[in-house]
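Undergrad: Below are the chains, spelled out letter by letter.
Protein chains: 2
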Amino acid sequence: MSGKITIALDAMGGDNAPSEICKGANSACKEFDDIEIILTGDTERIKSCLEPHPRIHIEHACEIIDPDEHPANAIRKKRDSSLRVAMEMVRRGDAQGCISAGSTGAIVAGGVLVVGRIEGIDRPALGVPIPSMDNIAFTLDVGATVRCKPENLLQFAQMGSIYSRKILGVPNPEVKLLSNGSEDIKGDDTVLAARELIESQGNLNFGGYIEGNEVLFGKADVVVCEGFNGNIALKLGEGLIQGLKQMLSEEVNKSLMAKAGMLMLYPAVKKLLARFSYEKYGGTPLLGVKGAVLKAHGRSKSPAIVSAISAARKFIAEDGITQINREITK
Amino acid sequence: MSGKITIALDAMGGDNAPSEICKGANSACKEFDDIEIILTGDTERIKSCLEPHPRIHIEHACEIIDPDEHPANAIRKKRDSSLRVAMEMVRRGDAQGCISAGSTGAIVAGGVLVVGRIEGIDRPALGVPIPSMDNIAFTLDVGATVRCKPENLLQFAQMGSIYSRKILGVPNPEVKLLSNGSEDIKGDDTVLAARELIESQGNLNFGGYIEGNEVLFGKADVVVCEGFNGNIALKLGEGLIQGLKQMLSEEVNKSLMAKAGMLMLYPAVKKLLARFSYEKYGGTPLLGVKGAVLKAHGRSKSPAIVSAISAARKFIAEDGITQINREITK
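These protein sequence lines map, in sequence, to chains A and B.
For the first sequence, position 268 matches number 268 in the numbering used here, and the numbering has no gaps at all.
For the second sequence, position 265 matches number 265 in the numbering used here, and the numbering has no gaps at all.
Among the clues, some could well be false.
Pairs involving identical chains hold if they fit within one copy or between any two copies, as the list cannot separate such chains.
[Said to hold, decoys possible] Taking lysine-lysine pairs in the PhoX-like style, the calculated list, with each CA pair at most 20 Å apart, reads: (1) 280 - 47; (2) 259 - 166; (3) 254 - 47; (4) 271 - 245; (5) 271 - 254; (6) 301 - 259; (7) 186 - 219; (8) 149 - 47; (9) 219 - 245; (10) 301 - 186; (11) 4 - 166; (12) 23 - 47; (13) 77 - 271; (14) 166 - 330; (15) 245 - 270; (16) 301 - 30; (17) 271 - 259; (18) 77 - 270; (19) 280 - 149.
No lab work stands behind these hints: they were computed from the structure.
Quantities reported herein were computed from a predicted structural model and do not represent experimental measurements.
With the hints as constraints, model all of the structure from the sequences given.
TA: Next comes the structure, spelled out in structure tokens:
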């Protein structure tokens with residue numbers, strides 16, 4: 001089935017570009033025989049680290065978008081940047097999806113300005129699959145749409161439900177709204193109105209509110225929130241895991257017995273941390289745009305890139321865009 | 001200095017009332033010779049578990065506010081509840097502060113409706129001292145005021161700064177606003193406007209934005225946010241610590257070596273977790289009301305009650321209310 005699925009891959013985005021991006025492209029082509037990859041970026045630099053492969057192509061782009069640049073300005077002005085060139089390929093239909101480990105803001109801006117929104121979707125959402133106790137809590141939005149209207153949150157719920165079902169394989173995903181308490185009287189005006197709106201739609205498996213402490217305990221398959229809250233909560237969680245690791249290692253270093261204990265415990269700790277590894281869950285999809293646009297982690301090495309390619313491939317194979325279209329126009 | 005500081009203590013609030021509350025009152029009176037405690041609640045039940053002490057008194061109250069009740073309704077209707085009676089004592093000046101391990105909502109409602117707001121403060125804030133890498137990040141609001149105006153956030157910044165300086169002992173506390181990124185262009189409308197407002201005041205040590213992942217790394221002494229976000233973030237953090245503990249113990253139980261390792265590591269883990277123990281940091285002050293009103297953790301046992309009493313005592317001794325008054329009327 002060679003060439004069925006074409007993915008544009010920003011070779012210049014992220015901390016380990018272009019070498020780890022190229023390595024990831026190679027590994028993915030070995031793993032999946034139905035994909036073609038177009039690497040966008042500086043041809044010379046890409047060639048210097050790419051193992052040639054018949055299904056990997058290069059599209060030259062001479063500019064790079066810096067993480068510090070104003071996202072929308074950068075997308076508008078740097079027409080020959082590796083990210084914009086990748087997104088143009090999706091817009092023209094030369095690729096069905098694109099992936100970048102570069103600036104999140106620029107990916108969101110490019111998704112809206114270049115790839116374009118799906119008709120009926122007012123705002124896009126970035127969704128993160130958060131591994132919880134016995135499931136994956138697909139959480140959106142974590143930063144694409146800072147503040148939302150109730151209608152936006154309804155659309156996030158619809159898109160999240162499709163992603164959870166089609167890509168993460170949850171048969172009848174339960175959707176909840178992130179709030180400051182589980183009782184009906186809780187919530188701010190936006191969340192209260194969104195709750196009524198989602199309930200009145202009736203075609204979602206909607207479970208009401210979820211509190212911050214329940215996310216990790218398998219209490220919802222899809223967690224819906226405004227980008228501002230989602231972003232703060234996600235980063236807080238990341239910081240907490242990082243902080244606990246650092247504080248524990250400080251404590252462990254104070255005692256020889258603790259050091260020995262840590263060595264014996266290490267395989268279990270490693271397994272635990274692997275559950276939270278971004279390498280496993282294949283990037284953050286930008287839902288609501290006319291293509292499988294995924295943000296890979298900025299620190300991505302080749303396994304994380306393979307994982308993102310795998311998610312994009314699945315999204316394209318399952319025809320995620322048509323699914324969202326159908327749900328929205330219902 | 002006997003009898004200088006009088007604290008009303010809701011004997012019936014929390015999971016371990018009244019026995020652990022009474023025990024805490026006894027221990028606190030042994031530790032501090034300048035306090036008087038008035039336990040509010042069912043006299044018979046209190047007497048059955050209280051070790052008599054010349055500086056502990058009982059004020060009878062025959063009702064209890066249930067955690068499931070609508071907070072404001074409960075405060076209005078249950079005039080003879082242990083919580084309302086404690087708050088009435090502060091209102092009348094019979095006590096300078098009160099503490100309850102009962103319903104957070106009812107404590108906030110009682111603080112506003114019974115104790116009353118400090119003149120010039122539009123909304124109260126609940127502040128939590130979050131132990132970070134090398135300092136305490138005093139975070140407010142975590143649930144008293146769901147959505148805020150920029151003016152509310154400015155007042156939270158002012159009150160938080162005073163609490164950090166006077167009660168937590170930070171000489172020149174750096175105040176930051178919780179946001180979805182550290183760059184100036186980030187933030188929602190409320191946070192952007194609050195930032196300008198706080199900067200224009202000029203009398204705070206203001207450091208701009210703080211992201212979720214920085215809170216635990218000593219990047220701010222005071223973290224200001226809307227109650228909705230603060231509540232979600234705080235609960236997410238609590239849930240994450242709880243979830244990690246549970247997942248780790250599941251992994252550990254699969255291997256004998258890991259079990260042995262865990263035993264050897266346990267003292268270090270215990271030390272680490274003790275840093276995050278609510279027993280140490282003395283309850284959550286409700287700032288902005290005319291008295292030292294503190295919420296103790298619902299699961300409080302006697303050491304947590306002692307700790308809350310210690311914080312209330314310090315707040316009263318440092319004349320926290322006058323300090324806030326002075327700052328607000330500047």
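Undergrad: For every hint, state whether the structure bears it out.
TA: Hint-by-hint comparison with the structure:
{"no.": "1", "hint": "280 - 47", "in the structure": "neither (27 Å within a copy, 58 Å between copies)"}
{"no.": "2", "hint": "259 - 166", "in the structure": "neither (44 Å within a copy, 39 Å between copies)"}
{"no.": "3", "hint": "254 - 47", "in the structure": "neither (48 Å within a copy, 47 Å between copies)"}
{"no.": "4", "hint": "271 - 245", "in the structure": "both (14 Å within a copy, 13 Å between copies)"}
{"no.": "5", "hint": "271 - 254", "in the structure": "between (24 Å within a copy, 11 Å between copies)"}
{"no.": "6", "hint": "301 - 259", "in the structure": "neither (29 Å within a copy, 33 Å between copies)"}
{"no.": "7", "hint": "186 - 219", "in the structure": "within (18 Å within a copy, 31 Å between copies)"}
{"no.": "8", "hint": "149 - 47", "in the structure": "neither (46 Å within a copy, 54 Å between copies)"}
{"no.": "9", "hint": "219 - 245", "in the structure": "between (26 Å within a copy, 18 Å between copies)"}
{"no.": "10", "hint": "301 - 186", "in the structure": "neither (42 Å within a copy, 28 Å between copies)"}
{"no.": "11", "hint": "4 - 166", "in the structure": "within (19 Å within a copy, 66 Å between copies)"}
{"no.": "12", "hint": "23 - 47", "in the structure": "within (11 Å within a copy, 73 Å between copies)"}
{"no.": "13", "hint": "77 - 271", "in the structure": "neither (44 Å within a copy, 53 Å between copies)"}
{"no.": "14", "hint": "166 - 330", "in the structure": "within (18 Å within a copy, 58 Å between copies)"}
{"no.": "15", "hint": "245 - 270", "in the structure": "both (11 Å within a copy, 14 Å between copies)"}
{"no.": "16", "hint": "301 - 30", "in the structure": "within (17 Å within a copy, 59 Å between copies)"}
{"no.": "17", "hint": "271 - 259", "in the structure": "both (18 Å within a copy, 15 Å between copies)"}
{"no.": "18", "hint": "77 - 270", "in the structure": "neither (44 Å within a copy, 54 Å between copies)"}
{"no.": "19", "hint": "280 - 149", "in the structure": "neither (32 Å within a copy, 41 Å between copies)"}
Hint violations for this structure: numbers 1, 2, 3, 6, 8, 10, 13, 18 and 19, all remaining hints satisfied.
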